[in-house]
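**Q** One-letter residues, chain by chain:
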Amino acid sequence: MAVINWFRKHVIAIVAGLIFFFLLVPNFVVIWMSFNKPSGKYNVKWEKFSFDAWKNPLDDGILHDPLMLSLEIALLATLVATVLGTMIAFAIVRHSFKGRGFVNSVLFLPMAAPEIVMGTTLLALFLNTFGVSFLGFKSILIAHIMFCVSYVVITVKSRLNGMDPMLEKAAQDLYATPWQTFWRVTFPLVAPGIGAAALLSFALSFDDFIITEMTAGNSVTFPYWIWNAVQKGIPPQVNVIGSLMLIITLAGIAIAEVPKWLKTSKAR
Amino acid sequence: MSKNTETPAAGGAVAGDLKLVNVTKRFGDFAAVKDLTLTIPQGSFFALLGASGCGKTTTLRMVSGLEEPTAGRVLLGDHDVTRLRPYKRPVNTVFQNYALFPHLTIAENIAFGLKRRGVKDVKKPVQDMLDLIELSHIGARKPNQLSGGQQQRVALGRALINRPQVLLLDEPLGALDLKLRRQMQIELKRIQTEVGLTFVHVTHDQEEAMTMADTIAVMNLGRIEQLGSPTDLYENPRTTFVANFLGQSNLWPGKASGTVGEHLRVRLEDGTGVLIPSARNNASGDEVIVGVRPEKMSIHASADEVPDGRNMLTGGVVTDTSFVGVSTQYVVKVAVCDELGVFVQNDGARIFRPGSDVVVSWDPSQGFGLDGKQDIDAGAEADLEAGS
Ligand SMILES: Nc1ncnc2c1ncn2[C@@H]1O[C@H](COP(=O)(O)OP(=O)(O)OP(=O)(O)O)[C@@H](O)[C@H]1O
Ligand SMILES: [Mg+2]
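Respectively, the protein sequence lines represent chains A and B.
Just so we're aligned: 5 in the working numbering is position 5 of the first sequence, and the numbers increase by one with no gaps anywhere.
Just so we're aligned: 403 in the working numbering is position 135 of the second sequence, and the numbers increase by one with no gaps anywhere.
If we strip away everything but chain A, and leave its shape as in the complex, we get (with noise of 0.2 Å):
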């Protein structure tokens, strides 16, 4: 009886537990594997701690130049997703304008298409206009700008949403001007949800391969490089660079949130 009692009392914190240890398991093994020392080519099974590939991260330089060009792609279609992507969910939520639910539409095209589809059309779009000295750096910018903008205007579009437009109104009335409503309350009320759209569009951009790998012509990102080196094998130093991104990841969101967390508790 006293088991059933106290399973029942902590059923959701159990099955809340399980969920964190499912979704997390896969983190940590990346980190974990990240200290191993191979034998061979795979690091694929433990062997040995070491701090060898910390050290070397970059695999005597191996990795210098698939991990810059993904990271250059990266920053730079989110840049530009996230600043074309607010813009347009500001145009959709607050101007009615003709073909707005055609826009809306369109928006989500990216998204509900099958990424190899969307890859081999952008393939034949860019043969067929530019050349194949065009892919490369500009082809893979450019298909990761267009399914990044998707994800960040339904992102910042949401927040936008459930934004009250009477704050507007009222900071209008209490002698703002246009743009000093915009930076003192829309964007800080909107900017967690650019936040968001922007580190989704670096993420997306970061690891994506599919796409990538159809618009690259002889460009080699990261997931691409990882790839090819699933047949020769691959290094622990592809784990250091998970396990970094994931702690900037986590220092990130830390960053953001501790100080209004720290506010909110002073307050009470």
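Calculated from the structure, these hints are not laboratory results.
One or more hints might be untrue.
Unchecked claim - Heads up, simulated DSS-like pairs for lysine-lysine below, C-alpha to C-alpha not over 25 Å straight-line:
1) B/K392 - B/K457
2) A/K45 - A/K55
3) A/K260 - B/K391
4) B/K356 - B/K383
5) B/K523 - B/K410
6) B/K641 - A/K260
7) B/K388 - B/K410
8) B/K564 - B/K601
9) B/K356 - A/K260
Claimed, not checked - Okay, the calculated bits of chain A under chain B, using three or more residues with CB under 8 Å as the criterion:
10) 160-170
11) 184-191
C-beta atoms are modelled at their ideal positions from N, C-alpha and C, and glycine is treated no differently.
Here the structure of chain A is known, so what remains is to put chain B with the ligands in place on it, guided by the hints.
**A** Quick look at chain B with the ligands alone, frame taken from chain A:
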């Protein structure tokens, strides 16, 4: 202005009456405000009273600039502000749903207007305002950590601190409990008289409107039905809507049948003849609706007890008696009306039980006449809704 001028008033020198001239606001085909003309004297306390959806908020928004009239003009003194952007108007609003900035603290919310106007030292005025609205202890909190009534006070403080030329209050006291409500009413009235601001106060609460306002406008379906001082509106309603909406009225249809001196004789549907003062008759034709307020009526056991010269409805039966302390409120069924209200002061007179046969009477000077071509129940349902 008096001693209360630590914070500079918004808008500088422009002063004067607030005027709306033939203002219309259409949303698509629907006219929310219809050809409204109105002058609100500077420094007065003006109440807009009306049922839900009659266009009160829309009217306020055209004054604050948040909504542009489809037609007509809005003037502040000699200054045409019809197309002036809201942030350039010396007008502030206490919004119906508060619209507090959720990312700012209470103190920051209150300081918002002063800061936008470039006031450097906002600490003291903000503290004074927090004291006034009795929220000094929680100035560092965010709006979502406040109760509804507290949020309402913040909304009030946030507008009031600017000392605008016109303060628009959209049901600012709706969420407060009775005690706090009375307290804020007194406080508002004090500030208004002291600083000489023009207040335009929208409310559902007719008692609030009557006790606070110098002038009341009763709105109905986008139009002003009647405008006047609280006593004028109560004593001399000109439409059935006003008669029913502001307090209660007994109304019976009838036909004019000649004059008797200063009075008009009206024949009610059952043939009873009653007199109303000709001066208080608003009907243009023969069809007249006779109105009498319940507290102006008396109740008697028989016609013999009724003094000479009074109007009289005989053959009544009491259907309900409620004792409410200072008065007893009767519902009486008579030939011309099933639910006639009579309020009798509790001065020791006998109390009639339901079922008693009675006669009701009133002095001819206490009746009024309304145009017979109106819906006799207009405003009655709206009043019930508002009173709940
Ligand atoms: N933006 C809008 N678009 C269409 N109709 C509107 C709009 N704003 C208001 N209305 C309509 O105009 C009418 C008047 O609205 P308003 O908000 O002025 O009413 P109100 O008198 O303030 O009512 P309440 O006492 O319920 O606040 C309502 O019927 C409302 O539905
Ligand atoms: Mg309203």
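**Q** Check the hint pairing B/K388 with B/K410 against an upper bound of 25 Å on the C-alpha distance.
**A** holds, 23 Å
**Q** Does the structure keep B/K641 and A/K260 at a Cα separation of 25 Å or less?
**A** violated, 64 Å
**Q** Can you take a look at whether the stretch 160-170 of chain A is actually covered by chain B? Rule is 3+ residues, C-beta closer than 8 Å.
**A** Holds: 5 residues of the stretch 160-170 of chain A have a Cβ under 8 Å from chain B.
**Q** For the stretch 184-191 of chain A, does the count of residues with a C-beta closer than 8 Å to a C-beta of chain B reach 3?
**A** holds (count 4)
**Q** For B/K392 and B/K457, compute the direct alpha-carbon distance and say whether it is at most 25 Å.
**A** Within the cut-off at roughly 23 Å; holds.
**Q** Are the Cα atoms of B/K356 and B/K383 separated by 25 Å or less?
**A** The given pair, whose Cα atoms are some 14 Å apart, holds under the 25 Å limit.
**Q** Given the hinted pair A/K45 and A/K55, is their alpha-carbon gap at most 25 Å?
**A** Distance ~20 Å between A/K45 and A/K55 Cα, so the pair holds.
**Q** Is it true that the CA of B/K564 sits at most 25 Å from the CA of B/K601?
**A** The hint holds at about 17 Å.
**Q** Holds or violated: B/K356 with A/K260, Cα cutoff 25 Å?
**A** violated, 34 Å
**Q** For the pair supplied as a hint, B/K523 and B/K410, confirm whether the alpha-carbon distance does not exceed 25 Å.
**A** violated, 63 Å
**Q** Against the 25 Å threshold, does the CA-CA distance of A/K260 and B/K391 hold or violate the hint?
**A** Holds, at about 23 Å.
This entry does not satisfy hints 5, 6, 9, going by the numbered hints stated previously.
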